[in-house]
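Student: Listed below are the residues making up each chain.
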Amino acid sequence: MLQPIPYELTIILFLPILSAPIAYLLGMIKGRYARYFAILVALVEFLLTIHLALAFDITKANELQFVEFYEWVPRFGIYYLVGVDGLSLVMVILTSLLSLAAVIGSNHIEERESFYYFLFLLMETSIIGVFISFNLFLFYIFWELVLVPMYFLIAIWGGPRRKYAAIKFFIYTHVGGVVMLISFFYAYWVYYLNTGVFTFNLYQLIGLEPVNGTYAAVATFLPRNIGLILFGALFFGFAIKVPVVPLHTWLPDAHVEAPSPISVILAGLLLKMGGYGIIRIAIPLIPFAAKELAWPITILALLNIFYAGFVALWQADFKRLVAYSSISHMGIVVLGSIVGNVEALTGAIFMMFAHGLINGLLFLIAGVYKHHLHTRIIEEIGGYTPYIPLTSAFLVIGGLAGLGLPGLAAFVAEFLTILGAFKTWGLRVAIVVFGPVLSAGYMLWAIQRIVFGPPKKPHGEVKDLCLPEIISFTILTFLIILLGVYPRILTDITAQFTQFFISRYF
Amino acid sequence: MLFVEYAWLVPLIPILLSAITLLIGKRTPREGGYFGVAGAAFSLILSVLIAYEVATNNLYGYKSVFTWLTIGDAKLYFSIIIDQLSIIMMLIVSLIATLIMVYSFGYMHGEEGLPRYFAEMLLFVGSMLILVMAADFLFLFVGWELVGVCSYLLIGFWYKRPPAASAAKKAFLTTRMGDIFMLAGIAYLYYKFGTLDILELNSLAPGLDLKMLTLVGVFIFIGAMGKSAQFPLMAWLWDAMEGPTTVSAILHSSTMVKAGVYLVLRAYPIISASPDTLLFVAYIGSFTAFIAATMALVEWDIKRVLAYSTISQIGYMMAALGVGGYAPGYLHLISHAFFKALLFLCAGSVVHMMHEIVHDPWLSRDMRYMGGLYRPMKITALTMLIASLALAGIFPLSGFWSKDAVIEAALEAGDAVVYWLLVITAFLTAFYIMRLWFNTFWGELRAPEMLKEEHHHTEKEYHLHESPPVMTVPLIILAGMTIILGGIIPLFKKSFAEFLAGYLEHYGISLEHGGMAHVEFHPLVKGFAFEIVPVWAISSLFALLGIYVAYEAYATKRLAIDKLVSSGVGRILYKILSEKYGLDKLYLLLSETLAWKIISRAASWFDLNVVDGIVNGIAKLGVLTAKVSDLFDRYIIDGIVNGIGTTLKSFGGWLRRIEVGIVQIYIMLIVIGAIFFLVLGFFAPGYISSIIKWLGISA
Amino acid sequence: MNETMIILYSSIIIFVIGLYGLIAHRNAIRMLISIELLLNAANLNLVNFAHRTALENALQAQILTLFSIALAAVEAAIGIAIFINLYRIYGRAEVDLARELKEV
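Residue numbers (the working numbering), protein chains in the order written: chain W, 266 to 771; chain R, 69 to 767; chain Y, -10 to 93.
Don't read these hints as lab results, they were simulated from the structure.
Hints may be right or wrong, so weigh each one.
[What the hints assert, rightly or not] Derived DEER-like restraints, expressed as beta-carbon distance ranges:
| id | chain 1 | residue 1 | chain 2 | residue 2 | range |
| --- | --- | --- | --- | --- | --- |
| 1 | R | F674 | W | Q268 | 54 to 60 Å |
| 2 | W | I740 | R | L592 | 55 to 61 Å |
| 3 | R | K761 | Y | L55 | 26 to 32 Å |
| 4 | R | Y575 | W | A581 | 51 to 57 Å |
| 5 | R | V696 | W | I740 | 50 to 56 Å |
| 6 | W | A581 | R | R514 | 51 to 57 Å |
| 7 | R | I666 | W | P488 | 45 to 51 Å |
| 8 | R | G178 | W | D582 | 37 to 43 Å |
| 9 | R | F674 | W | G461 | 48 to 54 Å |
| 10 | W | T324 | R | G178 | 33 to 39 Å |
[Stated by the list, open to error] Derived, one-sided and incomplete: chain Y residues facing chain R with beta-carbon distance under 8 Å:
| id | residue |
| --- | --- |
| 11 | I2 |
| 12 | V5 |
| 13 | L8 |
| 14 | E64 |
| 15 | V84 |
| 16 | D85 |
| 17 | A87 |
| 18 | R88 |
| 19 | L90 |
| 20 | K91 |
| 21 | E92 |
For each residue, glycine too, the CB sits at the ideal point set by N, CA and C.
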């Protein structure tokens, strides 16, 4: 247990955005300087979050720690309220970790580097902001703020269909954000009508913090139907981000056309914002709706797992395959968050972290393939194993991790979620166990076509991984194995949180 | 210092060495081979020490627990237990692993990627040990899946060969299909009892109502079926022969495939608590034993014959367990492990040499090219003969005793179908294995005429030789074990049963004479003949019959097998058997056609055209709305604005006509205006005063 | 008919004469004189009624009358100035010559 630094969270929050202009200016001098500076910032950020984690009190993980509170527009209940609890801490660590990995893995971005790293750092702040904001208005600001740099990052440095993908991503997720905002406003308004207080503070709206001395939760003021609709609207907004089938089609295009390090951020972090939103906001705000709608949402989650899995099987583009596998894995997150017991919820949170690592690794590998072999099509990538043994080895590990092999991180998540799902629904969810077969199917088949098979002669020179890639891949792999073998590292952080959450809302 | 406290090192050291080998193996002498042997040997030595310690101090049931994660009341552990069941398997696995690692020095000499091979083998040894030592279903499942991955990696070791890659994937997918049923069973048990500890569940689970108990038992058994290649999840095992023979020897004959049997042994209280589950187990086992043996009758690939044989013999074990023959099942597992490993290693020895002649990896396994190899490879031939006779069940080898025990158990249980299937299979077994031996070692080498080479080499000109000692010594050791076991088993059968009883006692299951567990087995089909004749006579008779037929067919060639299979019924049967009852086609049908071409393609089409189509449609609708709005804005709203302007302009234009420029007209207008107001004032004074007020002029 | 009425009628007659002269003639001087007539008729009327009311209002009316006379003089002066320019351009001072600002 270390001592906290004063204003630690605000520093962590704003460091990237404040460094962004510096990176831009450095980049105007020479492109590479922006990159080195960005790596430095990401590294510092990561170390700060580690310090945050070490200074965090695990035994009180269900309470907000490192809280910072400033009045912004008190008349409307808009405050700067940030803090971390078990869940937020995990997400913040994931953010800084993946940002670091992605920045290191951006070594193939060679044009307009200054602008690239500027946008990247901007985005890092926004993502962290989402995870630590406990005032809904602030939350919304950061939520939407993520979209703008992401749009540009896809539209400028992306693949052939980048313009289409970027616009689609932006508008689609923005619609979700707007629906979410309307829901926020409605809750805010109902709260005002019943308590006379204007506030966007989450903990006040859900009744964990008193307002004028009394605890009031919005949910208690809502008649059943309105509550269901409101939950539905909130869920809709977050579901677009997760994404939940059938609101998912922005994802394959966005992931595929984005440059690989950005796909890492997309898959590893942005999707988690959706899951986080469901756990942090949707369920606590209207728990009775969550309980009532648990079975339909479970069905949706199962749909995610299987539908996306089957589509993944058909893909000829490796990045698209990984994108659909992301959708499939997020199905487990949704499943875990809605069934209402500690095992499943821990599984959901664990999956958010593990999937970030695993698919992050896979997308980085896809980037390597794109850069060295100039293609994403599986048929064309295959057969170069003797020339790129390291890449192939990492691909196999990543693929095995992706299909939920015990000893690697995703297994913990899947196992816990399945246990939890059975605990709530019994044999009705038995079909979920077929998910691992499906993921094994498409992963192994992809590996078979890429790594196995008669070797081909390359046209030009085919290089294996360079040092920065080796470093980031190794770190990710190490963490994947570590979490698979000793999941307590993560579950101990979230244990108090999940217990409190389940006991209160289910 | 108790060795038992370090039991967790037994699986851990091989795994750590595996990682080390992968990273630095290339630079060590023999490219990691020494690491391989060291890892396996370490486990062996430690297992022996632990076994001795546990036996002398009666420490059975020692548990070592590692808390994997806890969330409040939910606790999951990695725990291991040293007891009667695990200690035997630990010894077997590590012993066979050590021998095969040594054998690999010779067999895999000169191959590329050796560090990878030894690393994967070490990982397998560690994982298998985890599996057998696990005391909770979580850890067992971890070991279970890990051995599956090692199997995948090792089968696909020669990754450049497409059949190997495909076989590896098939193995993993098929076993995983079984694994998920097991997962469902485990999850259900957790749902009901809140724990995954096997020992606890063994006590608690029989308390479930019978229907669910049967379901759980069957689910868990399906997992065992997948790993142990029982019908219908067996198609992966013969394709797995694409891997190096050493892999086949350790994974697919003596250890990994036994994992399913071990699972049944471990979770026996759960499985045996329901008579229906037991029936299921027994019938699947005996049925598998039979059809696998039939497939071996027509196979020419030496390794595949052994693969079918493995499937068949595991069927025996399952059948034994199904009818309640706990000790006979375990006994057969042990004896089979040794002579099957021996068979594979001998086959490897033969294939290794054939490869130098035939050069094609596939054809070097084809028995039609072999023959007359007794002369140059006496050690191989003799050890293989010992193993074959053991498999066939000839007195006094180990196989005889264990197979008899199984058939006796079936007899005791009283199910005619199981009994007769097993007995007939004994005949088939003897036949196909001696068929194999005769084709390989008897007569003359057929390779020259099969290859149709221009210059016929005679036997002398082919450099036919025995394998190096590094390969033959393990063969001799294993053969010796087979013989020794043959001597030991009859003497220690009873004590073995008592030994195992120590495990089942905790759950209220007693082992009666012959090691039969006191369980409810309801035979499906009762009654048969030959109860009077002792089992050993029956089995020996059938075995000798099988050997004799094989001798006549392949050694002396007096029995014209070829004619038999090329006409009429024989041909049909031959076709069915060589197509393996269509199981391969079924696998392809399900995976490639159904899953891939149909469902996946449909899902992808649907996603791209319908779901995304809707999204794009909405977007197009948005664009259309924008266009309409634009038109509306430009022509209608702006039109109104422009219209107002135009109207005003024309009004102004009309109004301008007053400006005639003639002053008098202006004066006129003034006067008229004044008159107007005057008149207005007369007739409506109110208007005037309000106008004035409005103008702000005070009256 | 008392005094007030007589003067009222007289002022009306003068007003009408002035109006006629303004409307019906083109000569600028004639129009100016007519305007004077109009204004003086109004003044006459004012004084007339002022005579009949109380002192304070009468005072206001007489002051207004003086204003009016002064303004009449001013306006006549300006008018003369304009008409002299008109005469200079066109050679005669008639108002229907100034049509340059017409619209029709």
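Student: Now tell me, hint by hint, if it's right for this structure.
Tutor: For each hint, the structure was consulted:
Remark: the range hint 54 to 60 Å for F674(R) to Q268(W) is upheld by a beta-carbon distance near 56 Å. For I740(W) paired with L592(R), a C-beta distance near 58 Å keeps the hint of 55 to 61 Å intact. With their beta carbons about 29 Å apart, K761(R) and L55(Y) fall inside the hinted range of 26 to 32 Å. The beta-carbon spacing between Y575(R) and A581(W), approximately 53 Å, falls within the hinted interval of 51 to 57 Å.
Hint check: V696(R) to I740(W), Cβ distance near 53 Å, so the stated range 50 to 56 Å holds. About 46 Å separates the C-beta atoms of A581(W) and R514(R), a value inconsistent with the hinted range of 51 to 57 Å. In this structure the hint that I666(R) and P488(W) lie 45 to 51 Å apart at CB holds, the actual value being about 47 Å. The hint said 37 to 43 Å for the Cβ distance between G178(R) and D582(W), and at roughly 39 Å that hint holds.
Judged by the Cβ atoms, the range 48 to 54 Å given for F674(R) and G461(W) holds: they are separated by roughly 51 Å. The supplied range of 33 to 39 Å is broken by T324(W) and G178(R), whose beta-carbon atoms lie about 59 Å from each other. Annotation: I2(Y) was flagged as interfacial toward chain R, and the flag is violated, the nearest CB pair being 16 Å apart, outside 8 Å. Hint status for V5(Y): violated, given a least beta-carbon distance of 11 Å to chain R, over 8 Å.
For the restraint placing L8(Y) at the interface with chain R, the shortest Cβ-Cβ distance is roughly 7 Å, inside the 8 Å limit, so the hint holds. Against a cut-off of 8 Å between C-beta atoms, the interface hint on E64(Y) is violated, since the closest Cβ of chain R lies about 14 Å away. Interface restraint check: V84(Y) against chain R, minimum CB-CB distance 4 Å, threshold 8 Å, status holds. Because the closest C-beta pair between D85(Y) and chain R is about 5 Å apart, less than 8 Å, the hint holds.
Here the hint on A87(Y) is kept, as its CB sits about 7 Å from the closest CB of chain R, short of 8 Å. This hint holds: R88(Y) has a C-beta 3 Å from the nearest C-beta of chain R, less than the 8 Å allowed. Satisfaction of the interface hint for L90(Y) is found here, the shortest Cβ-Cβ separation to chain R being roughly 6 Å, below the 8 Å cut-off. Nearest Cβ of chain R to the Cβ of K91(Y): about 3 Å, under the 8 Å cut. The hint holds.
Taking 8 Å as the C-beta cut-off, the interface hint given for E92(Y) holds, the closest approach to chain R being about 4 Å.
Figure legend: structure checked against the earlier numbered hints; hints not met, in rising order: 6, 10, 11, 12 and 14.
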